[in-house]
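What follows is the residue order along each chain.
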Amino acid sequence: MKPTLEQLTAEFTALIEPAPAVPAPVAGAAFARGELVESVADPGPPSVASAKDGLASARPAPSTAAATAAGPAAAPKSPVQTWAFALKGFVFDASVASDQVVAAAGIMDRNGFALDAITGVDWIAQNEMEVVYDFFHPEENLRAVVRTRMPRATPELPTISPVFPGANWHERETHDFFGIRFLGHPNLAPFLLPEDADFHPLRKDYQP
Amino acid sequence: MNTLKERSSAGPAAALPVLSADEARLAPQETFVLNLGPQHPAAHGVLRVLMTMDGEWITRAEPVIGYIHRMHEKMGENRTWAKFLPNTSRIDYLSAMHYTHAFVGAVERAAKIEVPPRTEYIRVITSELNRIASHLVWWGALLIDLGGFTPILYAFEDREKVLDLLEGLCGARLTYCYYRFGGLCNDVDDEFLNGTRAFVNHMRPRLKMYRGLVTDNIILRKRLEGIGPISAEMCRKYGATGPIIRGAGVRYDVRRAEPYSLYPQFDFEIPTRPEGDSMARYHVRMAEIEQSLRIIEQALASLPAGPFQGKVPRVLRLPPGDYCYAVEAARGRFMVRAVSDGKDAAYRLKLRTPSFSNLSLFEEASRGMLLPDALAMMGSLDLVIPDIDR
Numbered sequence: 001m002k003p004t005l006e007q008l009t010a011e012f013t014a015l016i017e018p019a020p021a022v023p024a025p026v027a028g029a030a031f032a033r034g035e036l037v038e039s040v041a042d043p044g045p046p047s048v049a050s051a052k053d054g055l056a057s058a059r060p061a062p063s064t065a066a067a068t069a070a071g072p073a074a075a076p077k078s079p080v081q082t083w084a085f086a087l088k089g090f091v092f093d094a095s096v097a098s099d100q101v102v103a104a105a106g107i108m109d110r111n112g113f114a115l116d117a118i119t120g121v122d123w124i125a126q127n128e129m130e131v132v133y134d135f136f137h138p139e140e141n142l143r144a145v146v147r148t149r150m151p152r153a154t155p156e157l158p159t160i161s162p163v164f165p166g167a168n169w170h171e172r173e174t175h176d177f178f179g180i181r182f183l184g185h186p187n188l189a190p191f192l193l194p195e196d197a198d199f200h201p202l203r204k205d206y207q208p
Numbered sequence: 001m002n003t004l005k006e007r008s009s010a011g012p013a014a015a016l017p018v019l020s021a022d023e024a025r026l027a028p029q030e031t032f033v034l035n036l037g038p039q040h041p042a043a044h045g046v047l048r049v050l051m052t053m054d055g056e057w058i059t060r061a062e063p064v065i066g067y068i069h070r071m072h073e074k075m076g077e078n079r080t081w082a083k084f085l086p087n088t089s090r091i092d093y094l095s096a097m098h099y100t101h102a103f104v105g106a107v108e109r110a111a112k113i114e115v116p117p118r119t120e121y122i123r124v125i126t127s128e129l130n131r132i133a134s135h136l137v138w139w140g141a142l143l144i145d146l147g148g149f150t151p152i153l154y155a156f157e158d159r160e161k162v163l164d165l166l167e168g169l170c171g172a173r174l175t176y177c178y179y180r181f182g183g184l185c186n187d188v189d190d191e192f193l194n195g196t197r198a199f200v201n202h203m204r205p206r207l208k209m210y211r212g213l214v215t216d217n218i219i220l221r222k223r224l225e226g227i228g229p230i231s232a233e234m235c236r237k238y239g240a241t242g243p244i245i246r247g248a249g250v251r252y253d254v255r256r257a258e259p260y261s262l263y264p265q266f267d268f269e270i271p272t273r274p275e276g277d278s279m280a281r282y283h284v285r286m287a288e289i290e291q292s293l294r295i296i297e298q299a300l301a302s303l304p305a306g307p308f309q310g311k312v313p314r315v316l317r318l319p320p321g322d323y324c325y326a327v328e329a330a331r332g333r334f335m336v337r338a339v340s341d342g343k344d345a346a347y348r349l350k351l352r353t354p355s356f357s358n359l360s361l362f363e364e365a366s367r368g369m370l371l372p373d374a375l376a377m378m379g380s381l382d383l384v385i386p387d388i389d390r
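Protein sequence lines correspond, in order, to chains A and B.
Residue 1 is where the first sequence starts when you use our numbering, and the numbers rise one by one after that.
Residue 1 is where the second sequence starts when you use our numbering, and the numbers rise one by one after that.
Please keep in mind that the hints were generated in silico from the structure rather than gathered at the bench.
Hints should not be assumed to be uniformly reliable.
As the list claims (entries may be wrong) - These stretches of chain A come out as covered by chain B in the derived footprint (C-beta under 8 Å, 3 or more residues):
(1) 7-15
(2) 104-118
(3) 130-136
(4) 153-166
(5) 184-194
All figures in this text were calculated on a predicted structure; none of them were measured in a lab.
Backbone N, C-alpha and C define an ideal beta-carbon position, used for all residues, glycine too.
If we strip away everything but chain A, and leave its shape as in the complex, we get (with noise of 0.2 Å):
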């Protein structure tokens, strides 16, 4: 399956802001659970099938998404963004919650894309710490990154290892390297590190 930007747009932009219509918070639960709403377009059903879960948003509403999932020091702008190849050396760049990256994961898995690299990014001065997903596809000229951040306190996000099984490798590399903790991870053991390693050396605050 052969996808396009604007098509990779409109699903992203679909996970991260769904159906301006609905209130924030109702809309917000479906992908509290780590699903995706496939009828976004349509503000009727996923308001129902919300309010029966009786769910709660975890996160901030998403409506105003697009001011918190970029955090506070960048100015505003839209979470989906695309880039001239030749300036950035990607074309797409998704900044998503942090509990909507296996969403975001399947999304990449069914447009047929492969994956490149997962790493992190510890901004201190934001108290922030970023996650970095890589994407290539094998048959497009369609680099993509997906991007979250979370409080530098509490760094901890789902895995992506069912739905990309070359996760595990990198998401327990960037637990070795920034703390990070991927929730549901088979095995976060030090791997580059030495075993009985309890530190992580790419934090901005890490002392030898």
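Since the structure of chain A is provided, determine the placement of chain B on it from the hints.
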């Protein structure tokens, strides 16, 4: 053979238990753990594999890595962009040109440094020479793994010619550090150009000889054909690239998929094989040597005169943001992800290495294989351990 094939090609869900009902009745009901490495003649470098064995059959093979971890990514953060250049030759020491290319490419992309055309031609020539040298090491090492000692002597004789050329160019035999931001450390001379022409003419008949000596050998074919099948889908899920994904029938090559340098100008093919077994990966690499010779020939014929160094600011500061640059290294896709906060060093430097992703599928791909077959498959993956551990 059929049962082996069935087991190996079954999906992850069907992977355990590995024995059919009939086999389970006959097989002894116990397993043992075989510790392969970190120092073992059959393992390349300091790779350790914990293998749970049922007799000669592998039920689980878990690579244990990190024995040569040097934390290049941290070194990237605590030295300036230019001072990190020598590190790029020391990640995959057999494919150093490509790695330097990716790093200077990322910096040039971020700082919008213009690269003179002559430089790009020389980069293409040296990168392809490096690819040939790397594939020759793989070829010799694979055959040593399989018990054939003679071919590596031929391979190293030819590789020596490449190393001499590159040594004459920059003084180093492996850790070249030849590319600089916006240019090269020095221009090429006639000795290099004539030597490269002579090497291209020398290498073509040698490849024919290799085919007669090794490729058509029935013992080699029995050791590699049908062994270690890796599907295109498995490559996608694990991010395996290079000859592995091309050996699974996918025409993915960063030189074409994310065009960089002057590769769009050159006429070359991306060799693929549909089988996905170790022999397919073997054929892909042998065909790639031929294609590299084609590229070198074209680049030599059209090498323009001109400067070899572009204008670069004395103190290099990249504008804030993240910049990626991927190249097709000898083992597959190598990508630099440079995150800058506007200072003269990287805020974060991620090195996405092909061997890391290529080895990560080993646990799934080796399930149910015979131990000697798994070692043959490992040889066909062309692993470089410092590239995995960084």
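Comparing the hints with the structure gives:
Chain B is given as covering the region 7-15 of chain A, and this is violated because 0 residues of the stretch bring a CB closer than 8 Å to a CB of that chain, at least three being needed. Using a Cβ-Cβ cut-off of 8 Å, 6 residues of the region 104-118 of chain A lie near chain B, which meets the minimum of three, so the contact claim holds. Counting residues of the region 130-136 of chain A whose CB lies closer than 8 Å to any CB of chain B gives 3, so the stated coverage by that chain holds, three being the minimum. With 3 residues having a beta carbon nearer than 8 Å to a beta carbon of chain B, the region 153-166 of chain A meets the requirement of three or more and the stated coverage holds.
Under the rule that three or more residues need a Cβ within less than 8 Å of chain B, the assignment of the region 184-194 of chain A holds, with 5 such residues.
Comparing the model with each numbered hint stated earlier shows that hint 1 is the single one that does not hold.
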